[in-house]
Every structure is written in C-alpha cells, then in structure tokens.
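There are 2 protein chains.
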Amino acid sequence: MDGRSRALRAVRLSSEGATHMTAPKRGRPRRGPDPERFHEIVDAAAQIFHRKGYSATSIQDIAEAVGVLKGSLYHYVKSKEDFLYAIIDGATQVALQEIQAVARMEAGPVDKLTAFVGTHVRFATSHLTAYSIRLREMRELGQERREKIQADGAAYNKVMRDVLVQGQEQGVFDAGMDVDLMTTIALGQMNALTRWYREDGPYTPEQLADVFARTVVSAVISDRGLQGEGVEGLRRSIRAAPRADVAAQA
Amino acid sequence: MDGRSRALRAVRLSSEGATHMTAPKRGRPRRGPDPERFHEIVDAAAQIFHRKGYSATSIQDIAEAVGVLKGSLYHYVKSKEDFLYAIIDGATQVALQEIQAVARMEAGPVDKLTAFVGTHVRFATSHLTAYSIRLREMRELGQERREKIQADGAAYNKVMRDVLVQGQEQGVFDAGMDVDLMTTIALGQMNALTRWYREDGPYTPEQLADVFARTVVSAVISDRGLQGEGVEGLRRSIRAAPRADVAAQA
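Residue numbers (UniProt numbering), protein chains in the order written: chain A, 1 to 250; chain B, 1 to 250.
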C-alpha cells in the first residue's frame, strides 16, 4: 500500500472531521456532500499544508487544487482548521491502532521494543505527509482538539515507556536509564526522519526500521541483556521487519 | 551566559545580515542605523518568528514589538527575509565555530564523539530560539542564501561523520555502521530536543549532553571499543560536560 492510499485510509478512519456530512441542512432533502470526495479534498489540503505550511495556505488554495469554487468547500467544513484536524486525527488514530497491536504482543522486551520501532518507522514513512503535518502544525489546532490529539499521543508514547519499564524489571535494559527521557529521545530520533525521508531516497522503510531498532536497543540494553553475545551480535540479531509482521497479526 | 545573550552574540557574529548598515543612502550624511539597535530588532523578530511562525509574521508585527513605525525597519533591512537570514546565519556561524574546535581535538573517537554531542546539545539549548528557526524555516530563505546555509550545515555534519569514520578505522566503532545514515540519525535525535526542551524544564543542558552522548556512543560502539567494560560501564564513563570544556579550550 503506498503512502498516498494509506493517507486516504487514515482519513477514512477519522469520523470527527466529517461531522457535517451526516447533518445536511434542514429543508435541503438532496443527498449531502460525497464522503469519497471529502477524502480527496482532505488529501489535497494535506499536500498543500505540507508544501506551503498551514498558515500560508488559504481555503482558496485548496479550492483551486481540487478545481471547485471556494464556497463549495463549506459543504464539507466550517473552517480551514477542520481540514487540519481531519488530517491530524486521521493519522493519529491509525498510528494508535497499529501500536496497540505491539502493546498486546506476548514477547520479551527486546522483541517488543524492536516491534515498536519498526511499527513506528513504517507508519511515519507510509503516512509521511499527514504525520509531518501532525508534528509541525499541532499548535494551529484549537485547544480542545489539540488536547484530544495530545492525549492520544500520550497513550501512544506510554506503549514505549511500558516496554522500557518491563525491560528494566527483567534486568535486560539499563537500570540507570530515565525511561521518560529515553521515550522522548527515541521518538524524537525516529520522528526526525520526516525531515529527510523520501520514497525515492536511498533507504527503504524496512532498512530504516532495522537501523533505528538497532540504535534504540543498543542505547538501552544492559550487560545482562547482551547475554554474552556482544553489542555487534545484538545488532546483527535485530530485524525489525519480520517481528513487526508478528505485531500486525496480533 | 544565558540563552538570550548568546542569541545576541550569534547575531553579532553575522555580518551579512547587516550590509545595509554600512551603506547609508547618498546625500544623507547623517550616521546610519545603530548596530546595537539592529541586533535588538533581530532578537525581537526571532521571538515572534518562533512563536507565530515566519509566514504568519508581518514586518508590522516586528515594528510593534520593538515600538517603532514599520517604515523605520527599512533602514535596517529590505525585507522580512533579511531578518530571517540574520537569525539563521548568525546561529549557523556560532555553531560552526564551536564544532570546529571539536574537529581540532587530539583525542580518541569515543572522546571526540562525546565532545561533539556535548557541544551540539549545549549549542541547541543555549540558542534555542534561533536554532529552532534554523530547523523549521529554512525553506523560506531565497535559494542563494539557503544554499549557503546548507553548505555550512554540511561542513558541520562532516565533523561528526569524520569522527565516525575515524572510530571505524580504529576498530572501536561498529564496522557495519552506515556512517552517513548514523550522522543523520544522531543529529536528528539531538535536534528533536528543540521541540520539547525548556530552560525551566526538568533537565539541565549538562544532563541532556550526558544522556545524548551515552545514547549515541552506545549505538555505534564495537565489541573492541567496549574494552571489556560492558555497555553499562561504557555509559557510566561518558561525561560530556568536562570533555567539552577541553574542546572549548582547544
């Protein structure tokens, strides 16, 4: 599934951005705006927000991109911010759903951390536009919506933190590690790829998933967690790709 | 030195943003715009760009923040972009100067990498506003200026890449590591702190320098580089702070 169609799927999973569609105006019995068309428009808005930035984009820009009059867009949304929310909430719900499969995995901390990193890297690379907007334009959302997205983000991050705590409890991750700070650092490290990753670039998402997983696991492993195989042996043993397939089936 | 005064120093080191100051108009023999005042205005512009974003900020916003008429600002700059360039180039020159002291260090790869990370983290935290603008608003610069900043950025990144290569050659860093990708990942990891670091937050720059240095070194160390002390022993031995003082004296 390519990035564009996955982005569309992300938006489809988002119901809140589309509340106007199910509430046609009184006295207008004809059918409301087309949901498929709404998703196309949201996708077009995402491309423009990503290229120009949210605040530099006007509703007029979006209308021109999809070839309709500006007034037509108000059948779908009340404001430019509604498009932003549909994009960000859509991506957030997909990410949360995928990471909860990792949380449910019956596996050791190294495997779960590897699966977390692999799942996150695959999500970020396959939803590059929507996720970049999520990272860069959150402050443009109104307070209530921003807090809702932040709560979902906290639930997402907690999956990683729980894995780090589990690893410390089992003695395989460094007992001296600050799990909150490491969660922040590891996610920041992966999210930074949205600044340079390109679909036609030199690295595939699977290669990046492996390298990021090795980097994150190397940073947290304890001497006991190395099980006498050394750091190079540990890194060679880490393959984020197959393990994440396990996560997807969970 | 606090972040604000360092940011001012950064701007002082930038000459290109101030070209208008040394070229008063013909037939106007009175003294040109005051350089100190220019730096105050650039600092005010940086605060606003950081808070609102560059494209949402007008010259009028900057004029109001410093309490002058909009027209007065044109004694100092030709356009809003001139402010952006003064901010970004100023920060870039300071960063480059500091990291070149690391490049000149006579030390082993682990110590040099630790010093690189410590220097970078201290720079990013002490120039938080200007450096965040550098990371987020580069695309707003015209092509020539953007390419100049990118060339400086490439010279900066090469210092880290050279240290990684040196470590591989000496067998203390993992021979299987892709040094270009690791440079990108490690810098992205550190730069992500501009998204959450606050001067009044729970971590000091020195604490962060240590944690980032341990994270980066753990990710690249080879079995031979561990010298039998284990990963936990390696992490305990890493103190970015004192080593970076060495770098500053170099």
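There's no promise every hint is true.
Which copy is meant is left open, because identical chains are indistinguishable; a pair holds if it fits in one copy or across any two.
Said to hold, decoys possible - Computed cross-link-like contacts, DSS-like style, restricted to lysine-lysine with a CA-CA straight-line distance of at most 27 Å:
1) K78 - K158
2) K158 - K52
3) K80 - K158
4) K70 - K158
5) K148 - K80
6) K78 - K52
7) K78 - K148
8) K70 - K80
9) K148 - K158
10) K70 - K52
11) K52 - K80
Since the hints were made in silico from the structure, they are not lab data.
Status of each hint after checking the structure:
no.	hint	in the structure
1	K78 - K158	neither (34 Å within a copy, 49 Å between copies)
2	K158 - K52	neither (32 Å within a copy, 30 Å between copies)
3	K80 - K158	neither (31 Å within a copy, 42 Å between copies)
4	K70 - K158	neither (41 Å within a copy, 48 Å between copies)
5	K148 - K80	within (18 Å within a copy, 35 Å between copies)
6	K78 - K52	both (21 Å within a copy, 23 Å between copies)
7	K78 - K148	within (19 Å within a copy, 42 Å between copies)
8	K70 - K80	within (11 Å within a copy, 30 Å between copies)
9	K148 - K158	within (16 Å within a copy, 41 Å between copies)
10	K70 - K52	both (18 Å within a copy, 26 Å between copies)
11	K52 - K80	both (14 Å within a copy, 17 Å between copies)
Checked against the numbered hints given earlier, this structure breaks hints 1, 2, 3 and 4; the rest are met.
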